[in-house]
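Peer 1: What follows is the residue order along each chain.
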Amino acid sequence: MATSAYPEIMHAVRDQEPLIQCLTNGVVMDITANVILAIGASPAMCDTSTEAGDFAQVASGVLINAGTPSNEQYAGMRAAVAGANEAGTPWVLDPVACGGLKERTRFQRSLIADKPHAIRGNASEIIALANLDENAGGGRGVDSADEAEAAIPAARNLAERTGGIVGISGATDIIVSQNRITKITSGHPLMQKVIGTGCSLGAVVAAYLSVGADPHDAVVAAHAHHSAAGAKAAETASAPGSYKLAWVDALYALTAEELDRYAQIEEA
Amino acid sequence: MATSAYPEIMHAVRDQEPLIQCLTNGVVMDITANVILAIGASPAMCDTSTEAGDFAQVASGVLINAGTPSNEQYAGMRAAVAGANEAGTPWVLDPVACGGLKERTRFQRSLIADKPHAIRGNASEIIALANLDENAGGGRGVDSADEAEAAIPAARNLAERTGGIVGISGATDIIVSQNRITKITSGHPLMQKVIGTGCSLGAVVAAYLSVGADPHDAVVAAHAHHSAAGAKAAETASAPGSYKLAWVDALYALTAEELDRYAQIEEA
Amino acid sequence: MATSAYPEIMHAVRDQEPLIQCLTNGVVMDITANVILAIGASPAMCDTSTEAGDFAQVASGVLINAGTPSNEQYAGMRAAVAGANEAGTPWVLDPVACGGLKERTRFQRSLIADKPHAIRGNASEIIALANLDENAGGGRGVDSADEAEAAIPAARNLAERTGGIVGISGATDIIVSQNRITKITSGHPLMQKVIGTGCSLGAVVAAYLSVGADPHDAVVAAHAHHSAAGAKAAETASAPGSYKLAWVDALYALTAEELDRYAQIEEA
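Protein chains in written order, with the UniProt record's numbering: chain H, 1 to 268; chain G, 1 to 268; chain F, 1 to 268.
Hints were generated in silico from the structure; no laboratory data involved.
Take the hints with a grain of salt, since some may be wrong.
Stated by the list, open to error - Below, a list of computed lysine-lysine pairs in the DSS-like style, where the Cα atoms sit at most 30 Å apart:
#1 G:193 x F:193
#2 F:193 x H:193
#3 H:193 x H:102
#4 G:115 x G:183
#5 F:102 x H:115
#6 G:115 x H:102
#7 G:193 x H:193
Generate coordinates for the entire structure from the input sequences, incorporating the hints supplied.
Peer 2: See the structure below:
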């Protein structure tokens, strides 16, 4: 593993144009699809119970984000997970608002047994998902109250139970797998003022996992690309409408040199 | 009540970052969430029957907008209203396309008995919701055919039945409560060319109602902030794509001085 | 039919402001509504089984796009088609991802018997919808794998079975009816990097069909307006965030002279 692996994975996504199936919440479908297109992949929001399982077998990667789940979408998510696991398709769990709401928390925790290839969430969501301490976590929707560092034990626990990679999003993102921890410092506070920046990251992780690189490296590269574009966007935009546009443009056009310049990546 | 109350409420929203639960239609979820973030609040689109009631008890404010309601979302809206009323959470009814479609009209009228803290709609929707004249109102979706002035009796009737505040949107917005009428002239015709400007206003009203100010003042301030940003945006943009961006930027950055300059507010 | 018919139809849409009911997938609702507003029409996303049929009787045009269909939306689509046909409202079928997924393919093919006034899709979708060759078509979501030319026999078949107009989207769009084929060369590759450019075209076609012009001319004009704006946008934008904004602006402001300049239209 060398840091030069990251731009290579970014270019592999652009070359391979992986098809990413996103079972995600209604509020972020538009920005998620545009982000997936901007990074060079191809989105499909197929999420019904009758189609999601079949689609997961032809998709390159799958995102499960139960942000506004209807009963039909829950069934679709279970079908997609089953289809992905049968076909060996990498899939990502984004435990949106885990801990704050009973039904989705139960659903999200139940998916750990299905061994997601990656989990991506804020510190409070990762802590609530791991459920090591009943008193921890959630309650304020998708905003992260805890600090990323505090979620490392929960992330390590989840990595051990799933064999996958866990990304904790924060001012510094922390990527945790069974034997490795990597920290990425980048992004900009305005990312919090645009809906779907966090949710779209889960889809980007699915795309990066699909191109055959080392999974830990792939999750690091996904976070680095996503947040380096956020740092670059802040150079030309200072309010959320124009920032969103600049961020999508930056995701599309980011160079290997910019990835290196805007994202500080270090092994812990 | 002095006009200086309005910028104070705008700043209170930015300081308190209220959590606004939006049960709204799929077409405007993205822009509504981005508008809520831009004014300094925090959005959550939790709308399922199993979660919406619990969430309304922890939310700072709730929006009910039955623009594209599935049966599951109707159940979620009833649960959210019950939860909000139990917890004393202010909630807003946006009677989208009331009068034009039977099922939603029946649903929207039934919510009057639950006493929404505020109602926000176009003149035809307010008239149809009050149902004083069976022949009045609706039929063309969300566009307002009638003039705001003509809806004042209906708005007054709704204010009396609910004890809440009624906002009639138009070229001049009219805010009606039991003992007071306030008119706000601002905005720009290009707002009609961007989807969700009206629907997002309901969510902004919910945010403004949540910070502890006088409710009538809060609804006036919400309308003033929303439309003043629309007036400001028109200074730099003349087509809807760039106008939408400029409007979101203006919502985020609007100063007290600009609120005063771009919105003419008068008591009637 | 003269090419001067096309700007006239574009202006007729702006003058008549037709009300377009869009039963479409959640990911493109926002951009579809904004595109409909930008061309001067009025969108309504009414898609529930209890309301869609009534609404189709008052709408000027209807779009059916089963991109992320729930069971309730399927029922709404059937109700809308029945209502549209009863009232003589023109309606458009967009067979998203036809051929790649069993349930939607069955649903989309079943609608041919209801005789859509127009069908709009990529080559692979048109081929799969016509179902002339069981081995052809789909499997990669909404991206078009086949070339538009290869889909002409399938389009001709569909035109004969429905009596309607079939638009095949590609680098060159091909409009096929029983006795006429027209080709439109315009647009820009960046359109593929913005979600909903294709899906919104189906709604634009519905708007154009509603203003009383010759249906084949109307479908040509819809494609020409849509893609000429795409060509114009590429003059000022080179990445998808800014390109999307520029495209919406161009849809709104496109002149008759620009329609002629940016879109090459020829009869085959």
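Peer 1: Work down the list of hints and note, for each, if the structure agrees.
Peer 2: Taking the hints in turn, this is what the structure says about them:
Simply put, residue 193 of chain G and residue 193 of chain F have alpha-carbon atoms about 23 Å apart, close enough for the 30 Å limit, and the pair holds. As the CA atoms of residue 193 of chain F and residue 193 of chain H are separated by approximately 23 Å, the hinted pair is consistent with the 30 Å bound. About 27 Å separates the Cα atoms of residue 193 of chain H and residue 102 of chain H, which keeps this hinted pair within 30 Å; it holds. Taking the CA atoms of residue 115 of chain G and residue 183 of chain G, the gap is near 23 Å; set against the 30 Å cutoff, the hint holds.
At most 30 Å may separate the alpha-carbon atoms for a hinted pair to count; residue 102 of chain F and residue 115 of chain H meet this at roughly 28 Å. Taking the CA atoms of residue 115 of chain G and residue 102 of chain H, the gap is near 28 Å; set against the 30 Å cutoff, the hint holds. Between residue 193 of chain G and residue 193 of chain H the CA atoms are separated by roughly 23 Å; this keeps the pair inside 30 Å, and the hint holds.
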